[in-house]
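*Asks:* These are the residues of each chain, in order.
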Amino acid sequence: MATAALELPKKTAAASPRNIRRDPPLVRWGLTLLALLALGLFIVLPLVAVFVQAFAKGLPVYLAAIREPDTLSAIWLSLVAAGVSVPLNLVFGVAAAWAVAKFQFKGKNVLVTLIDIPFAVSPVVSGLIFVLIFGAQGWFGSWLSDHDIRIVFAVPGIILATTFVTFPFVARELIPLMQSQGSDEEEAALTLGASGWQMFFKITLPNIRWGLLYGVVLCTARALGEFGAVSVVSGHIRGQTNTLPLHVEILYNEYNYAGAFAVASLLSVVAVVTLTLKKFLEWKTKEGAK
Amino acid sequence: MSISFKKPSILPGFWPAFSYTILYLSLIVLIPLSAIFLKSLTSSWSHLWQVVTSPEVVASYRLSFGASFVAGLVSVVVGFLVAWVLVRYQFPGKALADALVDLPFALPTAVAGIALTSLYTDNGWLGRYLVPLGIKVAFTPLGVMVALTFIGLPFVVRSVQPVLADADAELEEAAASLGASRWQVFRLVIFPIVRPALLTGFALAFARALGEYGSVIFIAGNMPMKTEITPLLIVTKLEQYDYAGATAIAAVMLTASFLLLLAINTIERRTRRFMVTG
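As you go down the protein sequences, you meet chains A and B in turn.
If you're matching positions, the first sequence starts at 4 in my numbering and goes up one per residue.
If you're matching positions, the second sequence starts at 934 in my numbering and goes up one per residue.
The set of hints was computed from the structure by calculation and includes no laboratory data.
Take the hints with a grain of salt, since some may be wrong.
DSSO-like cross-link-like pairs, simulated, lysine-lysine; straight-line CA separation at most 30 Å [as the list claims (entries may be wrong)]:
no., chain 1, residue 1, chain 2, residue 2
1, B, 1069, B, 1159
2, A, 287, B, 940
3, A, 289, B, 1027
4, B, 940, A, 205
5, A, 111, A, 289
6, A, 287, A, 60
7, A, 60, A, 205
8, B, 1027, A, 205
9, B, 1027, A, 109
10, A, 205, A, 281
11, A, 111, B, 1159
12, A, 287, A, 205
13, A, 282, B, 1027
14, A, 109, B, 940
15, A, 205, A, 289
16, A, 281, B, 939
17, B, 1069, A, 60
18, B, 1069, A, 111
19, A, 282, A, 205
Using C-beta positions, here's what the derived DEER-type ranges look like [to be verified]:
no., chain 1, residue 1, chain 2, residue 2, range
20, A, 194, B, 940, 16 to 22 Å
21, B, 1191, A, 36, 38 to 44 Å
22, B, 1177, A, 256, 23 to 29 Å
23, A, 44, B, 980, 26 to 32 Å
24, A, 36, B, 967, 48 to 54 Å
25, A, 64, B, 1098, 43 to 49 Å
26, B, 1198, A, 64, 21 to 27 Å
Where a beta carbon is used, it is the ideal one built from N, C-alpha and C, also for glycine.
The whole structure should be built from the sequences, with the hints applied where relevant.
*Replies:* Shown next as structure tokens:
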């Protein structure tokens, strides 16, 4: 280290301290072009391909693919799965963030790590666990079949798997946000005589609303788009247990590319809307922090 | 117990919120997840060992771990470049480029899978130029790596970006005033600052890639022993009603994921300590 430092000034021309962060134009533009090329190749091109292929056979074919009854039932099932799992995870996220961010207790780090688990588990494994519990050979398999209740290869299984996969989203957004906000305002409200719920609805909720919405947006996008976990528990029954991503797979495997990409384009629109909302909400949270 | 377990606070609602958190966490995540390990215990060890070391499964580990590792490395290089450009330079369309980085997070994996496949098949937009050059991407291990890089890239960018943005300009100015060249400032000042973030980004991308299913199965072609990823084998076993086999492979994957989760948490904790003391 010492010898290297001694040799530095002789060997190379030193950069000027004042504009050390201003790289030469050639480097600047070269790197920018390279980065944009990489983004274009890896990220933009696949997105463009979805829309081009969706409309490759013209608008009538596109609309026909979307209006097909199987597609409509897939849209409906995806909305149902998201409609149940997102509110469940929303309530959990607020409760978990309240406990973790506003109080000091033992084992807090362990709890936060446990909440993250569904992100670390392969989607396929997430589906498998519900097959193991509720499937024909599973823990409750014989009891369920005796009572004629279907969970796996039916809608409840899809909802469960979706809930598992999207479990951490809201909690993960809220915990750091509420930790950084502290609890001074809540304490002041209590001192002035507010009840617990008054404090929550008049102080806490307005403070976290943009972060909360952000978590809900991410959670909804994932719930609508989840493939691996839902694929394992669904049983692929056309018109009954097919969500939108599963329907894309079926159409694709039937070589109905125009149809597959038409349905995929709906999900891509959801993704683009998600990104736009994300940018907007990030800007709102930043503004709120000022 | 409550006295030593929790610090007193005037805020209400700890016990309801805490109990509900634990209850919901147990019902949705912990109890279902324990099913994998309990189910593995019910079959004989020799059978389990036979399943997880069969040639087809071992070939899938090689592909899954190998491709995830390479994709993680590519993501680190490309992700660092993208993060650097987004933090350091001004250019038209920067906000759009920044928003697009998150597309792989938002785009459903099945959609990404069919889109990437269509690009790289023989007559796809990219495949028609690559295939004549002898570069086959679709239905080869290379295709698996391309899909996993798509998935991994945002993890690296989003890990590095805030660290790079927070880096103190004074450090670089000091180095330059002591006679360092631009390259030396980068290598000796900037790189050590972002190294932990690069490592976190790599670990996150690697962990996600290991379990990835939707974006890979279309482009992989799923040829036995050649382009079958481990999650696919779990699905195949399930379709053959081989629950014990599927569970055994899942247990191996879960163990790998938990070790990675632990590693990521350790890196992050160390980074925080480094930030505080350094």
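*Asks:* Hint by hint, note whether the structure agrees.
*Replies:* Hints, verified against the model:
1. This hinted pair checks out: residue 1069(B) and residue 1159(B) have alpha carbons roughly 14 Å apart, not beyond 30 Å.
2. In summary, the hint linking residue 287(A) to residue 940(B) is not supported, as the alpha carbons are separated by about 33 Å, beyond the 30 Å threshold.
3. Distance restraint check for residue 289(A) and residue 1027(B): the Cα-Cα separation of roughly 18 Å lies within the 30 Å cut-off, and the hinted pair is therefore satisfied.
4. For a cut-off of 30 Å, the pair hint linking residue 940(B) to residue 205(A) stands: about 25 Å separates their Cα positions.
5. Distance restraint check for residue 111(A) and residue 289(A): the Cα-Cα separation of roughly 27 Å lies within the 30 Å cut-off, and the hinted pair is therefore satisfied.
6. Between residue 287(A) and residue 60(A) the alpha-carbon distance is near 41 Å, which puts this suggested pair outside the 30 Å criterion.
7. Restraint check for residue 60(A) and residue 205(A): not satisfied, since their Cα atoms lie roughly 54 Å apart, outside the 30 Å limit.
8. Among the hinted pairs, residue 1027(B) with residue 205(A) is inconsistent with the structure: their alpha-carbon atoms are about 38 Å apart, more than 30 Å.
9. Pair hint residue 1027(B) plus residue 109(A) does not hold up; C-alpha atoms about 44 Å apart against a cutoff of 30 Å.
10. Of the pairs offered as hints, the one joining residue 205(A) and residue 281(A) holds, with about 25 Å between alpha carbons and a cut-off of 30 Å not exceeded.
11. With a C-alpha separation of about 44 Å, the suggested pairing of residue 111(A) with residue 1159(B) is violated against the 30 Å cut-off.
12. Pair hint residue 287(A) plus residue 205(A) holds up; C-alpha atoms about 19 Å apart against a cutoff of 30 Å.
13. Of the pairs offered as hints, the one joining residue 282(A) and residue 1027(B) holds, with about 13 Å between alpha carbons and a cut-off of 30 Å not exceeded.
14. For the hint pairing residue 109(A) with residue 940(B), the CA-to-CA distance comes to about 9 Å; that is within 30 Å, so the pair holds.
15. Between residue 205(A) and residue 289(A), the direct Cα distance comes to roughly 20 Å. Compliance with the 30 Å bound is thereby established for this hinted pair.
16. Between residue 281(A) and residue 939(B) the alpha-carbon distance is near 35 Å, which puts this suggested pair outside the 30 Å criterion.
17. In summary, the hint linking residue 1069(B) to residue 60(A) is supported, as the alpha carbons are separated by about 27 Å, within the 30 Å threshold.
18. For the proposed pair residue 1069(B) and residue 111(A), the alpha carbon gap of about 49 Å is over 30 Å, so the pair is violated.
19. For the hint linking residue 282(A) to residue 205(A), the alpha-carbon distance of about 26 Å falls within 30 Å, and the restraint holds.
20. The hint said 16 to 22 Å for the Cβ distance between residue 194(A) and residue 940(B), and at roughly 19 Å that hint holds.
21. Under the hint 38 to 44 Å, the C-beta atoms of residue 1191(B) and residue 36(A), about 41 Å apart, fit the expected range.
22. With their beta carbons about 28 Å apart, residue 1177(B) and residue 256(A) fall inside the hinted range of 23 to 29 Å.
23. For residue 44(A) and residue 980(B), the hinted distance range of 26 to 32 Å is not satisfied, since their beta carbons lie about 46 Å from each other.
24. A hinted range of 48 to 54 Å holds for the C-beta pair residue 36(A) and residue 967(B), which are about 51 Å apart.
25. Between residue 64(A) and residue 1098(B), the C-beta spacing of about 46 Å keeps the proposed range 43 to 49 Å intact.
26. Range check, residue 1198(B) to residue 64(A): Cβ separation about 50 Å, and the 21 to 27 Å hint is violated.
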